[in-house]
Every structure is written in C-alpha cells, then in structure tokens.
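Here the protein sequences come in this chain order: W and Z. Going by the working numbering, the residue at position 41 of the first sequence is 439; the numbering climbs one at a time, nothing skipped. Going by the working numbering, the residue at position 334 of the second sequence is 339; the numbering climbs one at a time, nothing skipped.
The hints are simulated quantities; they were obtained by calculation from the structure and are not laboratory data. Accuracy of the hints is not assured; some may be wrong.
[As the list claims (entries may be wrong)] Restricting the straight-line Cα-Cα distance to at most 30 Å, the calculated cross-link-like pairs of lysine-lysine (DSSO-like) are:
| # | chain 1 | residue 1 | chain 2 | residue 2 |
| --- | --- | --- | --- | --- |
| 1 | Z | LYS109 | W | LYS451 |
| 2 | W | LYS555 | W | LYS486 |
| 3 | Z | LYS491 | Z | LYS442 |
| 4 | W | LYS527 | Z | LYS120 |
| 5 | W | LYS486 | Z | LYS137 |
| 6 | W | LYS518 | W | LYS560 |
| 7 | Z | LYS137 | W | LYS527 |
| 8 | W | LYS527 | Z | LYS514 |
[What the hints assert, rightly or not] Quick list of the computed label-pair ranges, beta carbon to beta carbon:
| # | chain 1 | residue 1 | chain 2 | residue 2 | range |
| --- | --- | --- | --- | --- | --- |
| 9 | Z | ASP439 | W | LEU533 | 26 to 34 Å |
| 10 | Z | MET369 | W | LYS507 | 36 to 44 Å |
| 11 | Z | ARG307 | W | LYS451 | 50 to 58 Å |
| 12 | W | GLU513 | Z | GLU138 | 56 to 64 Å |
Bear in mind that the values here come from a model prediction, so they are computed numbers and not experimental data. Glycine included, every Cβ here is placed at the ideal spot set by N, Cα and C.
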Amino acid sequence: MLASATSRTVAKSAASAARARLAAASTIPQRRSYHENIVEHYENPRNVGSLNKNDNDVGTGLVGAPACGDVMKLQIRVNDDGTIAESKFKTFGCGSAIASSSVATEWIKGKSVDEVLAIKNTDIAQHLKLPPVKLHCSMLAEDAIRAAVGDWKEKQKKKGEKAAA
Amino acid sequence: MKMGSSLSSSVVAYGIAIIAISTSTIHGLESKRYASLARSNMAFAVPPSRRQQQVHSSSFSPSSLCMSAEVVPPGTTSNVKTSDDDGKTWWKEYKFKDADFFEKVRQEFPILSIKVGGDGSNDGAEEEESMKELIYLDSAATSHKPLYVTDALTSYYNKINSNVHRGAHSLSRLATSKYEKARDSIAKFVNAYSRNEIVFTSGATESLNLVASSYARSKLTKGDEIIITEMEHHSNIVPWQIVAQQTGATLKYVPLNVETGEFDIETLDSLLTSNTKIVSFQHVSNVLGTINPVSDIVTLVRSKASPDCKIVLDACQSVPHMPVNVQELGVDFLAASGHKMCGPTGIGFLWAHENTLNDMPPYMGGGEMIDDVEMEKSTYAPSPARFEAGTPAIAQSIGLGAAVDYLMNIGMDRIHAYEKELAYYLRRRLCEVDGVKVLGPNEDVPTAALVSFVCDYVHASDLSTFLDMEGVAVRAGHHCCQPLHKAVGHSHSARASLYIYNNKEDIDKFIEHLQDTLSFFGSLEGDNDGDGSDEEFVPFI
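Build the full structure now, drawing on both the sequences and the hints.
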C-alpha cells in the first residue's frame, strides 16, 4: 500500500478503535494477526510525506527489496548542529514495511545523525512484535535510515569541497 | 556376504512385488501397496516397465498435449448441485471425479502431516496447539516428495553408494545400472527417441544455460536474432541476454497480451525473420498458468525463421503436470527440473536430438566428458557424457528416476485430468472472492492448476503472512518474472499452485482464510488509497 500524504485526520480515538477491532478479530478462535503496534502504525502512519530532496539540509534514502516488492523512501532534514529536525517517509509495501518505516521516522527525530546509526532493525522488530517472516522489513527501515544519513553526509562533504575550492 | 544377502532379499521382495502387482486394479496401485513396496526396500527390484504395462494404459497421444479450446468444466452434470439461493454455494457439494484415488496418493507424502507456524511466542503445549496443519499451495516453487522417492534416495546411500561408470567392482556396476536406468525412465517419460538424448543437469536453469552457452554462443553471430517472451522466468531471459552481449546477436521479446494473459502469436509472426536463430519460451507460465500453444508456435517458427533456428522449451511447469511428448511437440531443446516433479533438488534434465547435442561444444570440462586427454588437447565423448563432466549427482538422478516412475505409474493423463479439475475449481472460487484480481487468462480459458492474484487494498506480502499464520503456504513476490509483472502493472503478486497431493479441502481452506484476511484489512482505517500521487516515487526498483 502506498501511504501517501493526502488529507487525513489522525483521530485520537483511532488507536483505541484499532485495538478494539483487533480484539474483535482475535475472538475468532485461534485467529492470529498482526500485533496492535503494527496495526496502529499501518492505520495511522507517522510522518508520511516528502521533503525537497534538492535542499542542502535534506538527506534522502531510497531502498528497496525487489524480491518482495517493497520500496522505502526515508528523508531527513538536519539542523546545523547535526540533529534531525524532521523526517518524512513514503513506503510501498506490506503492513510491516509501513509500520517499520513509520517507527523509524519517529525514533530518529531529535537525535543526531550519528546517534541514529545505532538504531538496529531488531529494536524496531521488537517494538512492533514483527512476525519472524517480516524481520527483513525492519532491516529495510534500518537501511533507509543509513541511506538517508549517508546521502546528507555526502551533500555536506560536497558543500565543504565547493567552499574550499 | 552383505552384497549377497541384499541380493537375496531383493529377490524375495521382487517375488512379493509380483504377487502384489498381479492383484492390482487396472487403475493403479493402492497406496497400501506403495507403502509395502517402499518398506521392503526393493525400490529397484521391480522393473518399472512392468508396472507401466499394467497401469499406464495409453501411450502418449497428441490430443492430450495441448489443451483443447473447449473447456468442459469437470464434475458438471451429476456432481454440481445448484443450491436454492443464488448459486453462491455451488462449491459445497462439488466433488472431483478422481478425488478418492488422489486421496490415497496424498497418503504417500509424509510431509503433509506436519504442523507449521509456531513462532516461539508461546510455550510448550500452547505452542503445540498454536501450530497449524500444513496446507501447501506452493508446488510451482517446489513439489513434495512421496515416500517412494525419499526411500530411493536413502536406499541408494545405504545399499548402493558408489561412483558410476568405469567402476571395476560390483557395487560400482550396480550404481551405474541404477543411474542409467533412471536415464531410461526419463527418456520414456518424455518419449525421447534414445537415451542419449537425455542429459542430466542440476535443473532447468542449468539446462537453459547449457543451451545458451554451448549451442548459442558457438553458433550465433552479429545479426542473428533470439526471440523470447515477456512472460519468461528469469532463467529463460538472463542466459540469452548474456549470449546476445557475447555474440552481438539481437534479443527480441514477444510481448504478453495483457488483455487475455496469453501468448501473442501474431506479434511473434511479425518478429520472426530469416535471421531468427533461437526461439525460447515457456510451455506453461509459472505466474499466469497460461498454457502456450506449442504446436502453433513451432509451425509458425518453422515456416518463417532461419532453417537452422532452434526452438527451446522451458517445460518446468508442464512436464510434472501433463503428458509431454518431445516427438510430437517438435521443439529442439526441452528443459525441466526434478524438484518440481516429486524428485530431489539439484537435478533436472535437458532433452535434445542426439545429432544436435553431438554437434555442440562442451559446456564444462573434466572427467567423463572426454575421450582422450593429452597435454595439448583432448577429444570429447559423445552425448550425453559430453555434457556430464565430473561425478554426477548420482543419488539425485536415481531419485529423479524414481519420481518419474512414480508419476508414470499413476499415469500422466490421469494426473492431467485431475489437475484440470483442480485448476477449474481454484480459479472459479478465487474469482468469486471480492477484492481479489486474478492475473492471467479468463475463467473460461484452460490453465494450469496455479493462479497468481493481487488485491487492491492488501499487499501480497501481507496476504502471504496472514495465510501463513493459518498454515496456508503460498508465495508472494515476482516469482522470478519481473518483466511479466511490469507488463501486468503489479510489482508483485501472491501465487497459489497445486499438485497431485492437493484436494478440494485445501482450496476451500485457502479461500476461507483469504476471505478472513481480506475482511481484516478491509476493516482497517487509514489512508491507503494507493493513488501513487507522487510521480517520483516509483514502486519498481
């Protein structure tokens, strides 16, 4: 699914509504499902959208797993002091992929570009209680963070070289 | 002497087998007998040909090769009861014609009784309870193996294991005999003219690469043309891309007819020139289930392409499921994989005319494929040895021989008829699920018993995860057909594929759990309209 930035209101009760639906679904005998954390991020993904990739303070990470058809774009806007001011994502993929990238954008806000490199896919997977077959989605989110940071750092390096020349 | 005692036990077991066979019904061995055959470890003592005479009553008949245009929904007249309501429950009373026989076949696959799905989130008894019965719908990826085949493998390693060809001792002679018997079985399976037309490979991918590397690379030059199709598996695309790069030949694609999901034979007509030297295509699409009209394609190619044009057939999804007769098909090369037809992994074969093979340079060099070796140069053995360098996959070849014997014992016509029923039932039920879009031809076109589908509001990967939570094994992704998925406009799909051990209940449970999954996702809120409004955001990488 494409989590896009068209108009949508994030209802405060949406979280509890999702939990209620999940509870209802699990009253079907032995019906397993995604954990409510995943469902919550799937229904109400955080920070969906785009930043201008040409801006100098923006780093863009575009990662994909062609095998399963997932694509993640994660962008960061970085302050002068190297902390992440805001983050946006767009993901084409399964519920776990959307949830993983949504979580990623939440976690990296306010942290420094080096701090976020310490975020491991296992942390994301554990927070979301991803089913074992979906661990690679959290790996993709980790890759997306690194790619975004890498892109921003590359831009800073080029800026530095230009200034020196 | 160990050898002597095993021989005598084989003789005794042979005797039992003869008695058993003489009491068999004309419709095939009962599974009890299969079990006893397997247990007595005489997998090789009964000459397969004898069983075939009993059971495999029809020789290959051309009419069974290509699907006729007319589809007679199986089980129509007496089996289908229209219900009182609007007919939506037509499937409840539906029964496959040969269901009873194939229920017995199902008993011969031990893996079907396992339970799957425990993710370690529960402990002990709760974990046990949370495991689900396996409903395996991924046979296009790989098939399960009957006890007959797994026993053949174990028996080889425990009683026969020895290197083949040129062995100076009894065990080696026995291994060689079994190995070459397996080659004979495969030759019979596809109705090859001679055993020398069967080359053992590691699978269809190697077979196709062998043709590309050995035949095409040595014969093609700049200006020559290779034609493949948009619906091909990557193993029937990439080798030709490499050959085209290496030789300067031009690679052309027959596009998929997206409307009908079928081979666009008119476009093939327009692409063929007198420079066309290779035409390679799938017999059956592993994504769409489309059965390509081989005879029509062959006739067209012979009339328009270069006289020395070779036709290569990827028969991975046809050979396990229907009678395939190379002498009737008229192709020049045929590739197939053993693990898709109840055989072990790591084995497959390439069929081609002996003359063609003997005219090809070697693919790999080493022992077995040579005649004389001197320091400056070597001469090469004739086919099939020429393409079987090194110690072969002996156990796997014997396992494949056993698999082929097993299938011939049931009868490929019988398997084909059953699968036509499976295909009809699966497609019809799936088309009736709201929200599901089935890829491929319309319901009224005969297809293989496999179907790929997408859903507007659920990612294929979510579908497969949720189905997996209920024990249903399907595949999600591009199924090694990225150009095909690009052509149909979906980057990935979910696929359910069936084989001889699937039954109506499997399909019913699959549909039920699919419907549950779709209801769950349908009930979720969230802005998942998938309008793809961001032009820069391309879901294909």
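Can you confirm whether the C-alpha distance between Z:LYS137 and W:LYS527 stays at or below 30 Å? Distance of about 20 Å is within 30 Å: holds.
With respect to the beta-carbon atoms only, verify the hint that Z:MET369 and W:LYS507 lie 36 to 44 Å apart. 56 Å, violated
Does W:LYS451 sit within 30 Å of Z:LYS109, going by the straight-line distance between their CA atoms? It is violated: about 62 Å lies between the C-alpha atoms, which goes past 30 Å.
Taking only the CA atoms, is the gap from W:LYS486 to Z:LYS137 under or equal to 30 Å? 39 Å, violated
Does the Cβ distance between Z:ASP439 and W:LEU533 fall inside 26 to 34 Å? 32 Å, holds
Check the hint pairing W:LYS555 with W:LYS486 against an upper bound of 30 Å on the C-alpha distance. Measuring from Cα to Cα gives roughly 23 Å; hence the hint holds.
Between W:LYS527 and Z:LYS514, does the CA-CA distance stay at or below 30 Å? With Cα atoms ~27 Å apart, W:LYS527 and Z:LYS514 stay inside 30 Å; holds.
Would the pair W:LYS518 and W:LYS560 pass a check requiring their Cα atoms to be no farther apart than 30 Å? Not satisfied, since the Cα-Cα distance of roughly 34 Å exceeds 30 Å.
W:GLU513 paired with Z:GLU138, Cβ distance criterion 56 to 64 Å: Once the Cβ atoms are compared, 47 Å apart, the range 56 to 64 Å for Z:GLU138 and W:GLU513 is violated.
Decide if the proposed pair is consistent with the structure: W:LYS527 and Z:LYS120, CA atoms, cutoff 30 Å inclusive. Holds - the C-alpha atoms of Z:LYS120 and W:LYS527 are around 22 Å apart, at most 30 Å.
Per the hint of 50 to 58 Å, is the separation of the Cβ atoms of Z:ARG307 and W:LYS451 within bounds? 54 Å, holds
Assess, step by step, whether the Cα of Z:LYS491 is no farther than 30 Å from the Cα of Z:LYS442, and give holds or violated. Judged against 30 Å, a Cα distance of about 16 Å means the pair holds.
Taken one by one, the earlier hints fail for this structure at numbers 1, 5, 6, 10, 12, listed in ascending order.
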